[in-house]
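Order-wise, the sequence lines are chains U and G.
The numbers in this note's numbering rise by one with no breaks, and the one at position 213 of the first sequence is 218.
The numbers in this note's numbering rise by one with no breaks, and the one at position 11 of the second sequence is 575.
Source of the hints: derived by calculation from the structure; they are not laboratory data.
Treat the hints loosely; a few may be bogus.
Taking lysine-lysine and the DSS-like style, the derived pairs with C-alpha atoms no more than 30 Å apart in a straight line are [said to hold, decoys possible]:
id, chain 1, residue 1, chain 2, residue 2
1, G, Lys685, U, Lys130
2, U, Lys358, U, Lys413
3, U, Lys130, G, Lys638
4, U, Lys362, U, Lys324
Label pairs and their computed distance ranges (CB to CB) [to be verified]:
id, chain 1, residue 1, chain 2, residue 2, range
5, U, Lys86, G, Ala606, 44 to 54 Å
6, U, Met117, G, Val686, 51 to 61 Å
7, U, Asn168, G, Val686, 29 to 39 Å
8, U, Asn168, G, Ala606, 58 to 68 Å
9, G, Gly627, U, Lys86, 38 to 48 Å
10, G, Val686, U, Lys149, 38 to 48 Å
11, U, Ala82, G, Ser590, 42 to 52 Å
12, U, Gln183, G, Glu642, 35 to 45 Å
13, G, Thr655, U, Ala123, 32 to 42 Å
14, U, Glu221, G, Lys638, 49 to 59 Å
15, U, Leu115, G, Glu626, 23 to 33 Å
Just a sample of chain U residues kept apart from chain G, beta carbon distances all over 10 Å, derived [claimed, not checked]:
id, residue
16, Tyr96
17, Glu99
18, Gly185
Ideal placement from N, C-alpha and C gives every residue a C-beta, glycine not left out.
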Amino acid sequence: MWLGACLRNINMRTGLLGMSVLLAAPAALAAAPKITIEFSQPTFILPQFTGPYQEREASIAPSEYEKAEQLKEMLEAGKRKEVLAELEKFYSIELSPAMLMLQAQIYLSLEMYDKAEATYLNVLKRTPQLIRAHSDLGQLYLIKEQPEKAREHFARAVALGSNEALIHGQLGYLNLTQFGPYSAISSYQQAAALEPANMQWQQGLLAALTQARMFEAAQALLNDIISRKPDIPELWLNQAALALNSENPRSALNSLEMALLLGDKDPRNRKSLAQLHLQLGSYDRAIELLDEGLRQNFFDGSGISEYFAWLTRQDMWDKAEQMLKLVSRNIDALSQDEQSQYHVEVAQVAARKGDVKKAESEFRRALELNPANGNALITNALFLTQQKKYVEAELLYMRAEAVSGVEKQALLGRAQLYIQMQDYSAALAQLRAVLQKFPEMVHLKDNIESLENILKTQG
Amino acid sequence: MNKWMLTGVVCAGLMTGCGGNVKRVSCSGLDWNKFGYETALAGESVRTFDQYRDGCGARLEEGAMQTYMDGYSKGIAEHCTYKNGYALGFTKKSMSKSCPTELLAEYERGFKSGRFDLGVKVDSLKKMGEEGEPRPQEKDPTGTRGAF
């Protein structure tokens, strides 16, 4: 609806522009002939008495009144199967569409979905304009997990004039999932107009607006919903997501904190919150969240490694060490592979502080826990290279070359090692092997050429 | 005539009587769709099929009923029209009682219209006979009379 207002606005502005041109024209057109406009005779369209103007609801035939009363009493007594047995005595053509609808509804309530579907389709063959048949069939197809067919029938029900919020809402959801957000917005708006208190439609509309990247409209809607229901954590999470989409991390952080305060317990949200605090420089709060997360087993190994990488990239080795100390209290909660990675990180901190013995011991422990930890092999090899323990480093690089994901790094690392050892022919052979295996690394050609020249010079 | 001969005569009579009254129905191989269609087009009841359903039981060809119903539905939609109702009314035939509810109103309207026009024609023929002058009569096969 707001989009429609936008379009009308544009038309108005165009109209005004058109007018100003017209006003400027008269002087130039002073000698122009008189313009007359001819109108053709209007064509009147009479409503037909068939087709879309037929009844949208089925009524029972007069000859069925007595039977209908009888069946009504049986239904009120809960005798659905007995009612079905009565109806099944007739051929379908002998029953009015209203009675067939009843039969279909009983099949549906008894979870006889195939028979329900066949009966609804039979009704629609005879009276294709029955709204209730379309909407019921739509519901049935949702149960049968055939969303494309469900959508067709909900759309048909709406086209025929259904004004039920549920139908509009479901059409909105199905359009959103099958055709994208733009086809869903007006359906959700219609549902919300009919049932403004139903949060489901508001949230559906919010999802559609967000997916359509109509962030201002989504934010306006969300502000309105939050003002009415400020204690729902999901709404604050939506607010945080919108803020991130609008590249406003501070607002996202505030909204996430609010969601946490209101009881949100999703560990992924805590992780995102900690990352935002790190990003915005509130490291103490980030560490506090991590501590809490570790105590409650919210954080997994991959999260810890991410924080470690982030902190060390910012050169915040003290904070990184502080974080690892927190992790050490809950180390048993980590998997063996995650523990291996933890020891690599402890080794890196030790190496940074110059504690060689500790670093070696931690690297050893990491590889004991996971001999195929590619990161451990490469990092350890780098450390050993710095310690000038070239043979050991070379062995670790060769092991790492067999680990998928770090093969390229290991090959290049070994080439670098040979260069450091001043074994240029080995380095050259290694780089040629890398280029052959990874031909996309065309920049290596320069390095290869440099090594060839060095070897030529050396004779 | 001894009692054995009498018994034989009675039995033969019974068997002949039974054989004469039992109608054999084909349980497979029929064009069920065409059968349904023609039954409906003639305005006959859908229960014409009962003789096959009840007579054949489990021997009835699989899908026969559905195929019959498909043909019947098509035929009844063609039978239960205003035009057909009019023709029946005008030719003093009876309306079919088998029209589905959603088609019945138009069918009945046609029938009544046909009967009315028949009545008008009969009256004009009577008057012609009394006065000796022919009067032009209007038919209404289009269905607009009585529409408003």
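**Q.** Hint numbers contradicted by this structure
**A.** 1, 5, 7, 8, 9, 10, 16 and 17
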